[in-house]
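Participant: On the provided structure of chain A, position chain B as indicated by the hints.
Residue numbers (numbering that gives the first Met the number 0), protein chains in the order written: chain A, 0 to 187; chain B, 0 to 275.
Keep in mind that the hints were calculated from the coordinates and are not lab data. It is possible that part of the hints are untrue.
Said to hold, decoys possible - Here are the simulated BS3-like pairs of lysine-lysine, each with C-alpha atoms no more than 27 Å apart in a straight line:
{"no.": "1", "chain 1": "B", "residue 1": "LYS148", "chain 2": "B", "residue 2": "LYS104"}
{"no.": "2", "chain 1": "B", "residue 1": "LYS266", "chain 2": "A", "residue 2": "LYS59"}
{"no.": "3", "chain 1": "B", "residue 1": "LYS40", "chain 2": "B", "residue 2": "LYS104"}
{"no.": "4", "chain 1": "A", "residue 1": "LYS59", "chain 2": "B", "residue 2": "LYS249"}
{"no.": "5", "chain 1": "B", "residue 1": "LYS273", "chain 2": "A", "residue 2": "LYS55"}
{"no.": "6", "chain 1": "A", "residue 1": "LYS87", "chain 2": "A", "residue 2": "LYS59"}
{"no.": "7", "chain 1": "B", "residue 1": "LYS185", "chain 2": "B", "residue 2": "LYS145"}
{"no.": "8", "chain 1": "A", "residue 1": "LYS5", "chain 2": "B", "residue 2": "LYS249"}
{"no.": "9", "chain 1": "B", "residue 1": "LYS273", "chain 2": "A", "residue 2": "LYS87"}
{"no.": "10", "chain 1": "B", "residue 1": "LYS148", "chain 2": "B", "residue 2": "LYS170"}
{"no.": "11", "chain 1": "A", "residue 1": "LYS87", "chain 2": "B", "residue 2": "LYS142"}
{"no.": "12", "chain 1": "B", "residue 1": "LYS170", "chain 2": "B", "residue 2": "LYS185"}
{"no.": "13", "chain 1": "B", "residue 1": "LYS192", "chain 2": "B", "residue 2": "LYS142"}
{"no.": "14", "chain 1": "A", "residue 1": "LYS5", "chain 2": "B", "residue 2": "LYS192"}
{"no.": "15", "chain 1": "B", "residue 1": "LYS145", "chain 2": "B", "residue 2": "LYS104"}
{"no.": "16", "chain 1": "A", "residue 1": "LYS59", "chain 2": "A", "residue 2": "LYS24"}
{"no.": "17", "chain 1": "A", "residue 1": "LYS2", "chain 2": "A", "residue 2": "LYS59"}
{"no.": "18", "chain 1": "B", "residue 1": "LYS266", "chain 2": "A", "residue 2": "LYS2"}
{"no.": "19", "chain 1": "B", "residue 1": "LYS104", "chain 2": "B", "residue 2": "LYS273"}
{"no.": "20", "chain 1": "A", "residue 1": "LYS87", "chain 2": "A", "residue 2": "LYS5"}
{"no.": "21", "chain 1": "A", "residue 1": "LYS24", "chain 2": "A", "residue 2": "LYS5"}
As the list claims (entries may be wrong) - A few chain B residues that face chain A, going by a derived Cβ cut-off under 7 Å, partial list only:
{"no.": "22", "residue": "ALA33"}
{"no.": "23", "residue": "GLN141"}
{"no.": "24", "residue": "ASN217"}
{"no.": "25", "residue": "ILE220"}
{"no.": "26", "residue": "LYS249"}
To be verified - To give an idea of the chain A side of the interface with chain B (calculated C-beta under 10 Å), a few residues:
{"no.": "27", "residue": "VAL63"}
{"no.": "28", "residue": "PRO78"}
{"no.": "29", "residue": "TYR81"}
{"no.": "30", "residue": "GLU86"}
{"no.": "31", "residue": "THR90"}
{"no.": "32", "residue": "ASP95"}
{"no.": "33", "residue": "ASP115"}
{"no.": "34", "residue": "GLU156"}
The beta carbon of each residue, even a glycine, is placed where N, CA and C say it ideally should be.
The primary structure of each chain is shown beneath.
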Amino acid sequence: MIKSSKIVVMGGSWGGLQASLSVLKELPATYPIPIVLVLHRLRNFEGSLPELYDSKTLLKAVEVDEKEEALPGHVYLAPSNYHVLLEKDQTFSLDDSELENYSRPAIDVTFTSAADVYGSNTIGILLSGASRDGSAGLKYISDRGGTVVVQDPAEAELDTMPLAAIDQVPDGEIMNLEQIQAYLLSLT
Amino acid sequence: MKLENEAHFEQEVEALIQDIHTQYGYDFGGYARASVYRRIKRFLGQKGLASVEELRGALFANSYFFENFLQEVTVNVTEMFRDPAFFLSLRANVLPILSTYPYIKIWDAGCSTGEELFSLAILLEEEGLLGRTKIYATDINQKVLKQAKEGIFSVSNMASYTAGYYAAGGKREFSGYYRSNYGNVKFDSSLVKNVVFYPHNLATDSSFNEFHLILCRNVLIYFNRELQERVYRLFDESLVSLGYLALGKKETLAMSSISTSYNIVDKSNRIYRKAS
Numbered sequence: 000m001i002k003s004s005k006i007v008v009m010g011g012s013w014g015g016l017q018a019s020l021s022v023l024k025e026l027p028a029t030y031p032i033p034i035v036l037v038l039h040r041l042r043n044f045e046g047s048l049p050e051l052y053d054s055k056t057l058l059k060a061v062e063v064d065e066k067e068e069a070l071p072g073h074v075y076l077a078p079s080n081y082h083v084l085l086e087k088d089q090t091f092s093l094d095d096s097e098l099e100n101y102s103r104p105a106i107d108v109t110f111t112s113a114a115d116v117y118g119s120n121t122i123g124i125l126l127s128g129a130s131r132d133g134s135a136g137l138k139y140i141s142d143r144g145g146t147v148v149v150q151d152p153a154e155a156e157l158d159t160m161p162l163a164a165i166d167q168v169p170d171g172e173i174m175n176l177e178q179i180q181a182y183l184l185s186l187t
Numbered sequence: 000m001k002l003e004n005e006a007h008f009e010q011e012v013e014a015l016i017q018d019i020h021t022q023y024g025y026d027f028g029g030y031a032r033a034s035v036y037r038r039i040k041r042f043l044g045q046k047g048l049a050s051v052e053e054l055r056g057a058l059f060a061n062s063y064f065f066e067n068f069l070q071e072v073t074v075n076v077t078e079m080f081r082d083p084a085f086f087l088s089l090r091a092n093v094l095p096i097l098s099t100y101p102y103i104k105i106w107d108a109g110c111s112t113g114e115e116l117f118s119l120a121i122l123l124e125e126e127g128l129l130g131r132t133k134i135y136a137t138d139i140n141q142k143v144l145k146q147a148k149e150g151i152f153s154v155s156n157m158a159s160y161t162a163g164y165y166a167a168g169g170k171r172e173f174s175g176y177y178r179s180n181y182g183n184v185k186f187d188s189s190l191v192k193n194v195v196f197y198p199h200n201l202a203t204d205s206s207f208n209e210f211h212l213i214l215c216r217n218v219l220i221y222f223n224r225e226l227q228e229r230v231y232r233l234f235d236e237s238l239v240s241l242g243y244l245a246l247g248k249k250e251t252l253a254m255s256s257i258s259t260s261y262n263i264v265d266k267s268n269r270i271y272r273k274a275s
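In isolation and in its complexed conformation, chain A is listed as follows (with noise of 0.2 Å):
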C-alpha cells in the first residue's frame, strides 16, 4: 500500500469517543490519510474500541501494534497504558514509560511524535475532553507549521481540553464536528 506524507492525530478524553465517532464516520474506507486516535481510557481497561470503530465507520479500525506501519484507510487506535510514538519510517512504537498529564497513553505524546516525523504535513485535532493534554502537542504541531483543528468549545461535551488549546494555540482553526469533518474529506 502507498504511503501517505501526511497524518491526522486526534485526541481526546470525556466525550472523545463520540465526537471522534462522528467525525470518522463518513470517511471512505480508501481514505488517505492514516488517522491516530488517542483516547484516555482507563487503565487497564479491556474494551473492545477496534470494533467498535471497525463497525461504526468504513475505515479500518485496529489498536496499534509496535513497529506496525501507519498506513491509508486506517484509524489507529492508542493501546490503553501505552504511549504511541511514530518513528521516521512510518512504523508505531509503544512505550510504557511514565504518565504524562496524569495518562497513559497522552496526546502529547502522540502529537509530539508525529509532528517530529511528519512536521507541517501533520493534522492535529484535539476534541472534547476534561484535562489539559494534547494542547501542548497542538502547540508543537503548530510551531512545525502543521495544521491544528480544536473542538468547538460550545459544542464539547466538555469544554476544558478544547479551551485549554485554545488558550496554547489562539490561531488554531476552531470547528464544529461536522465542519472537521467536512475539513477531512476536504484533505481526499
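Facilitator: Quick look at chain B alone, frame taken from chain A:
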C-alpha cells in the same frame, strides 16, 4: 527546545550514541528512535541542560551522571502485578508444569527496579516452588539492580499493587509480604534469597545459562526490529526445550525468525512455549 536547534538535535544524538558505545560500551544503536529522542529531551529538561552538547560534556566528565542518564533513558517504569491476567495465567498454565521439575531456573530479563521480580517470587512462594527455584534477575543498569535487591517500594503504590495481587489470584494477606516504614514498604528479603542479580545487556551480551522460563515484558518495544531479532535468538539459545517465554502485552513472537519453533500457550497474555 528552540525550533532552530532541532534540526541538529537528532544528528547530535546519533553522534552521542556512537560515543557512548565507544566510551562506556553501551550500545543504543538498536533502540527505537522516537522513544530515545523523547527521553533525551526529557532528561535535558530535568537537568536544566540547554543542548545535547552540554549533555555530552556532563556525561563524559562524570560516571555517576552517566548512570543517572542510563536510568532515565532506559525506561524503568514498572509495577507489581502489571496486567494481573498475565500472572493469573502464569499461575494456571506454567507453574504447574514447572513444578514437575526437581529444580527451576528462571530469567527475569530487564528486571528494572524489581516490582515484577517480587510479584513473580510471591507467585512461586504461594505455589510452593520458591525454595527450589533460582531466578536470575538482570538489567543493563547496576543502579536499578541494587534497588531491586533491596525490594523497597513507595507505599503510595500499594493500594493498586494489592488490587493487582488479588486479581492475579493472590492467596494470602498481601500486607504479610512487606513491612511499612516512613512512606516506603520493604518486601521480605526471603523472597529474593535465591535470586542472583546480574548486570546483563540484551543488546550486546550473550547467553549465560539455560532456563525453564524467561520473562521479558515491555523491554523489546524499545528496540528496533534487528535488535529484537537478536534478543529473540538469545532467548531461544537460553531456553531448555519445552521452556516458556513470557512477553509484554503488546509484544509478539509472530514476526521473529524463532516463531515457528514456539507454540502459543496464551495468546492474549503472550506466553509461548518452545517446542521439543
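Participant: Under the constraints set out in the numbered hints, which ones does this structure not fulfil?
Facilitator: Failing hints, ascending: 3, 5, 9, 11, 14, 18, 23 and 34.
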